[in-house]
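These are the residues of each chain, in order.
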Amino acid sequence: MTDVGYVIAGWGIAAVVLAGYSVRLVLRIRQAERDDAPRNVKP
Amino acid sequence: MERDELLAPIVRRIVGVLTIVSLVALVLFGLWGAPTDEVQGDAQRVMYLHVPSAWLAYLAFFITASASALFLWRRTRADVWDRVAGASAELGVMFTGLALVLGSIWGRPVWGFWWAWDARLVSTALLFFLFLGYCALRRIPSSDPVGAAKRNAIAALIAFVDVPIVHFSVEWWRTLHQKATVFNPQLNPEIHGVMALTLWIGTIAFTLLYVYLLDRRYRLAVLEHGRADVELAHAIAERTGVKAGVT
Amino acid sequence: MSGTSLWREAAVVAGKDLRIEARARVALGQILPFGLIVILLFAFALDPDRGVLTRVAPGLFWIAVLLATLLAVGRAFAIETHHNARDGLRMAGLDGGAIFLGKAAAIALQLAVLEVVLGVAVIVMYGVDVHGLGVVLITATAATVGLAATGTLYGVLAAGLRLRETLLPLLLLPVIAPVMLGATRAFEDGLGGVPGDAWPWVGMLGVFAVLYTTIGVMAFGALWEET
Amino acid sequence: MSLVIRLRTVVCLLGRFPALAGADLDVAAGEILLVSGPNGAGKTTLLRLVAGLLAPYSGEAEVLGHDLYHDRLAARRKIAIVGHETYCYDDLTARENVEFFARAAGRGTADVDAVVDRVALGDAARVVHRGLSAGQRRRLALAVALVRGPELLLLDEPHAGLDALGREVLADVVRDAPGEGRTVVMVSHELEIARPLATREVRVDGGQTAAVTPMGATMTEPAAKSTVSAPAVVPAVTP
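Chains as they are written, first to last, in the working numbering: chain A, 1 to 43; chain B, 1 to 247; chain C, 1 to 227; chain D, 1 to 239.
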């Protein structure tokens, strides 16, 4: 394989960005649901 | 129309599973299945991520603009569109940023430089900043939720109207004064069958991922809004309670 | 709202803004000198002896104008903040489109004066020759209208918000990037090149100006309502 | 008989704070309503909401027949408000400021002359706003409001910072209002000055319109129409 560094960098950055965003999103949703649950907001 | 969830749970689950399957397929095809490009070498494998990212960037901003228009039109006005617009813009900025970085990483070994003043590159970079500003605007809180949503929708449309102008002006700029050097035909040989297939897999995988993340981002917006509502109800109760205590 | 009263109200607003400028001299006393200093600093950054300045003069001129536009827009909305004048203007019962046209016209006029002075400075200091004066003037007019329209639109978008000073450049600069590009190319053709080559760019600037003026007249009211 | 102001359980937010938390108010044409209440009660917010400067968050809100959710601009064309600030431009003279608001409302020089005269600005009319004294500024604020010939005049603490001349001018303006077909709503702390002018008093507290104090007033004829019943409304009583 040629240009291994560039391939690793490209796929690595994409994986980190996409996974990072997804995980953070899921965690924020969990946190928000936990905050909401005791107050019983859902209409 | 008021929705707690964008997608029905069963649809979301299916989209989620398909996203994972297609992403795994993309990794397998992109890193092993597709043959090494004769001219560009293995650096071309970055393209399997770059092209889908760029496609998603345009799709996401198109959806932001459409949702904003639907919000502004009285007959279809609903919080759904405001939230979809915001969620899609955030994802669009992420995919645009990714497309720029990946394009740069691909360009270094293939072109020999990190950045080129190529029409598509420049207009994508401008697009990134256009909607980065929009996202910054959205984050500023307001006392008038409907007014703020209207403001955001107008801002999205003003920015979107600029996209074709940016595109054509940059295109003219780079073609009127010098011949395109970057996309010379030698670098774009006929695409191998498996390569084309891999690009398709990448596009489908990223689109599914976009749909899934859009649904999740929408859910977060609904939850945050719900929390704001609860806080407001508490504040009103507290305020009237104070009054009751005085009189 | 009838057409004549739109223009009448716009003239009232523009007259008010220009009269304030005539008294306070902020554009003349601060923004204009700022533009001149920028023109001077470019000469420090790019060695004046190698002829670089003459070649890139159009671009430097428009960058200076762009930076001045940011200041002029900020100033145009700053005069509505003292003594809560923004509320007063809202209570004045003016149509949103009229306020937009009035404020944009006042900004455009101030920018035009600024461009004349900066233009003379560039011609004198950078040693630029003007071949096609007509092209240059038409380009400047179209670009100025476009800058004033987008500036006013984004000015009001950011006006009521916290962080408006930092938000305005981020919102405005990407949108007016095509103006920068088109006006610079047209100036290159009009100054040293073939003036006839400039017309596509002038056309683009014209479309930009008309488009954003129209959007401004339609959308300003809704944005102005936002507190 | 039409209501000039009609509010039903209106919530109005300042940021995330419910400055009005379920306010009710009915005001009939020709009334001179005094709004009293402690600091932070929501009096100014109430006035700014009625002026069409703030959007209601929930509840029903109508002023001069215009819905405050969608039609604030149309309502504002018939309303003037005198706030804590003058709404004027520092670099323009008092007269130029009045002229600007007159022209914006499509009125001419004669109206400007009349109003400048009415608030007794005299030579101060030719002084730029930043050079005016506090008392002159208060009278200018009144002139700017009056020059538009509003159907509804809103006064927010009009007595604060007012000199003796200003008090006289203000009292005349308020007293003449019903005869000129004008309804007045004023917020004031200085009850001993404001009460004699008013035909009715509403107390605001905790973001709600609370008890209404039946009060003696210099009853002018149209105020008798304020018997429109609403939870927080008690008709004015003649002494």
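These are computed hints drawn from the structure, not numbers from a lab.
C-beta: ideal position from N, C-alpha, C; glycine also.
Keep in mind that the hints are not guaranteed to be accurate.
[Unchecked claim] Listed next, with one range per pair, are the computed distances between beta-carbon atoms:
#: 1; chain 1: C; residue 1: R162; chain 2: B; residue 2: E224; range: 16 to 22 Å
#: 2; chain 1: B; residue 1: D229; chain 2: A; residue 2: V16; range: 33 to 39 Å
#: 3; chain 1: B; residue 1: P9; chain 2: C; residue 2: T4; range: 55 to 61 Å
Here is how each hint holds up against the structure:
1. R162(C) x E224(B): 16 to 22 Å: 19 Å Cβ-Cβ, so the 16 to 22 Å window holds.
2. D229(B) x V16(A): 33 to 39 Å: The hint (33 to 39 Å, Cβ to Cβ) holds, given that D229(B) and V16(A) are roughly 35 Å apart.
3. P9(B) x T4(C): 55 to 61 Å: 58 Å, holds
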